[in-house]
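Peer 1: What follows is each chain in one-letter form.
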Amino acid sequence: MKFLSEYRSPELVDQYLRQIRETVRRPWTIMEVCGGQTHSLVKNGILNMLPPEVTMVHGPGCPVCVTPLHLIDKAVWLAEEQRVILCSYGDMLRVPGSRKSLLEAKAAGADVRILYSPLEAVTVAQENPGREVVFFAVGFETTAPANAMSVVHAHQLGVQNYSILASHVLVPPAIEAVMNDPEARIQGFLAAGHVCTIMGLHEYHPLAEKYKIPIVVTGFEPVDLLQGILMAVRQLENGEHRVENQYSRVVRPEGNPEARRVIERVFTLSDREWRGIGTIPNSGWEVQHDLSAYDANRKFNVQLEKAPESPDCIAGLVLKGIKNHTNALNSARAAPPPCPSARLWCRRKAPAQHTIITGRRVSGSTVYRLPSTVYRYANTLSDA
Amino acid sequence: MCLAIPGKITQITTDPGNPFRSGKVSFGGIVREVNLSLVPDAREGDYVLVHVGAAISMVDEAEAQTTFDYLKQIGELDDLNLGAEDSKTG
Ligand code: SF4
Numbered sequence: 001m002k003f004l005s006e007y008r009s010p011e012l013v014d015q016y017l018r019q020i021r022e023t024v025r026r027p028w029t030i031m032e033v034c035g036g037q038t039h040s041l042v043k044n045g046i047l048n049m050l051p052p053e054v055t056m057v058h059g060p061g062c063p064v065c066v067t068p069l070h071l072i073d074k075a076v077w078l079a080e081e082q083r084v085i086l087c088s089y090g091d092m093l094r095v096p097g098s099r100k101s102l103l104e105a106k107a108a109g110a111d112v113r114i115l116y117s118p119l120e121a122v123t124v125a126q127e128n129p130g131r132e133v134v135f136f137a138v139g140f141e142t143t144a145p146a147n148a149m150s151v152v153h154a155h156q157l158g159v160q161n162y163s164i165l166a167s168h169v170l171v172p173p174a175i176e177a178v179m180n181d182p183e184a185r186i187q188g189f190l191a192a193g194h195v196c197t198i199m200g201l202h203e204y205h206p207l208a209e210k211y212k213i214p215i216v217v218t219g220f221e222p223v224d225l226l227q228g229i230l231m232a233v234r235q236l237e238n239g240e241h242r243v244e245n246q247y248s249r250v251v252r253p254e255g256n257p258e259a260r261r262v263i264e265r266v267f268t269l270s271d272r273e274w275r276g277i278g279t280i281p282n283s284g285w286e287v288q289h290d291l292s293a294y295d296a297n298r299k300f301n302v303q304l305e306k307a308p309e310s311p312d313c314i315a316g317l318v319l320k321g322i323k324n325h326t327n328a329l330n331s332a333r334a335a336p337p338p339c340p341s342a343r344l345w346c347r348r349k350a351p352a353q354h355t356i357i358t359g360r361r362v363s364g365s366t367v368y369r370l371p372s373t374v375y376r377y378a379n380t381l382s383d384a
Numbered sequence: 001m002c003l004a005i006p007g008k009i010t011q012i013t014t015d016p017g018n019p020f021r022s023g024k025v026s027f028g029g030i031v032r033e034v035n036l037s038l039v040p041d042a043r044e045g046d047y048v049l050v051h052v053g054a055a056i057s058m059v060d061e062a063e064a065q066t067t068f069d070y071l072k073q074i075g076e077l078d079d080l081n082l083g084a085e086d087s088k089t090g
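As they're listed, the protein sequences go chains A and B. Position 113 of the first sequence, counted from 1, bears residue number 113 in the working numbering, the numbering being contiguous throughout. Position 68 of the second sequence, counted from 1, bears residue number 68 in the working numbering, the numbering being contiguous throughout.
The set of hints was computed from the structure by calculation and includes no laboratory data. Errors might be hidden in some of the hints.
Said to hold, decoys possible - Here are the computed lysine to aspartate or glutamate pairs in the EDC-like style, where the Cα-Cα straight-line distance is at most 16 angstroms:
#1 A:100 <-> A:305
#2 A:2 <-> B:63
#3 A:2 <-> B:79
#4 B:72 <-> A:111
#5 A:100 <-> A:111
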C-alpha cells in the first residue's frame, strides 16, 4: 500500500540501524511520547535491534494510562443511571473504573456501543430521537478535531440529544511534567507525529530550548522510527537541541489550521488530572461554555465522588520514564501486577511481542515485513 | 489511539445539504466514506491521512521522498564536515 510498505522496507531498516550504530558513542535515553510509536517499536522488534547505548522509554501516549478513574466512573454512571446510549472508541471499554468498566456495564444491560468515529455518534443520535446519546471523547490532540467536529455537526444539524464527555489531554504539558521531575532522566524526545499533524511545531521550540533537549517529530512505521531515533542521536552526540521534523510528508510546521479552528470553536483549555501523576495545569480541553448543551458533564450535572487511584499504579513513574512498561510487562508475566489497568496492558501488549495480528508467529528482524497496521485498521473497520 | 492511515481519495461525494465535505477513500482496496472538512484543498487522486473517520492531513509526495534520501544526505554532509576539519588541522 502506497506510503506504508515503503516505510517497512527491510533494506532501509538495516541501513538506518547501521547508521545509528555508527553514530552512537555514549549512552542516551530517549522517550517516544506516543503509544502508537511504542506499539510499533515493540511489534516490529525494533527495541531488540537497537544498539545497547540507545534506551527507549515509553511515554504517556496511551489513553488507558492517563484517563483517571473518575472519568470512567462518569461514563459508567451516564450509561447506567441516566440510561444514555454511551458511545466510545473501543480502547476505553475494558478500562476499569472504581466499580466497573464500560464493558461490564454493557454486559449488565447498559446501552454501550463501540464506534470507529465520533461522527457516527451524531447519526446514532439522529436515529434515536427519543434517547440521549453521549460520546466518550477521549484522546490527544490528534483525536480532538473529529471529536469537536461531531459537536459542530450536531449543532448545525439541530441534533439536541447529543453530547460528549470530553477527556482530552495535551502532549506539551506532559513533556514539561516529565522534564520537571527531578528523577526523570530523559535526554531527548520523539514527538508524536499525528499530534503535530494537527498542532504543528510551534509549541515544541520553547520546550527544546528550555530543557536543552532534541525533539524529533516522528512517524509510526519502522523506517520512520529509526530515522527519528537517528536524528535524535545525531543531535545528542553533537550537543544540539533542536526541533526536527522526520515526518514532513504529513506534518507541516504550522499544523492543520482548519483542524485547529474546529478545536478552538469547541474546546477551551482546562486543568486536567492524569492518572498516577495528579493535576497538570492547562493540560486538557473541555467544551466551551456557549456549547454547554453538548457537554455531558453540564447537561447531566454529573456529581460523582472521586474514587482514589490505586497506590500501586505506576502510570506516573512510566510517564516520567522512571519505570518502563516493557519491563513492567516482562515482570508482569511472572506475577500479575496489582493495577487492573496494568493487567489490561499485559493482555493488550504482551501477545504483540510474539504473535502478530495476522496470526503468524514471527521473530527477530522479519516482523516488520507484516502490514499489520493495515490489518488492524481493517479490523476496526469491520468492527464498526 | 492516534492510529492514522494513508489512503487515496477516489471520489468526492458531498451531497448538497451536508455542511461537511466528505469522500470515498481507498486504503489499499478497502474503500470507506471519510470526512474531508479538514483538508479543503484535497482533490480526487490525492493521498490523505485518516484518523477516526476524518482526514487530518494531505500526504506530500515530495516530502515523502526525504526519508529515502536522508542517509545519503547526511553522508555527504559528514564528508563535507570531515573535509572542513581536515583542512583546519592540515
Ligand atoms: S500500572 Fe501501568 S497500566 Fe496502571 S494505569 Fe497503571 S501505568 Fe497504566
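Peer 1: All hints, please: hold or fail.
Peer 2: Hints, one by one, checked against the model:
1. A threshold of 16 angstroms between alpha carbons decides the hint, and for residue 100 of chain A with residue 305 of chain A the separation of about 15 angstroms falls inside it, so the pair holds.
2. A threshold of 16 angstroms between alpha carbons decides the hint, and for residue 2 of chain A with residue 63 of chain B the separation of about 14 angstroms falls inside it, so the pair holds.
3. Note on residue 2 of chain A and residue 79 of chain B: the hinted pairing is violated, with a Cα-Cα distance of about 33 angstroms set against a maximum of 16 angstroms.
4. Among the hinted pairs, residue 72 of chain B with residue 111 of chain A is inconsistent with the structure: their alpha-carbon atoms are about 56 angstroms apart, more than 16 angstroms.
5. Taking the CA atoms of residue 100 of chain A and residue 111 of chain A, the gap is about 15 angstroms. The hint holds against a cut of 16 angstroms.
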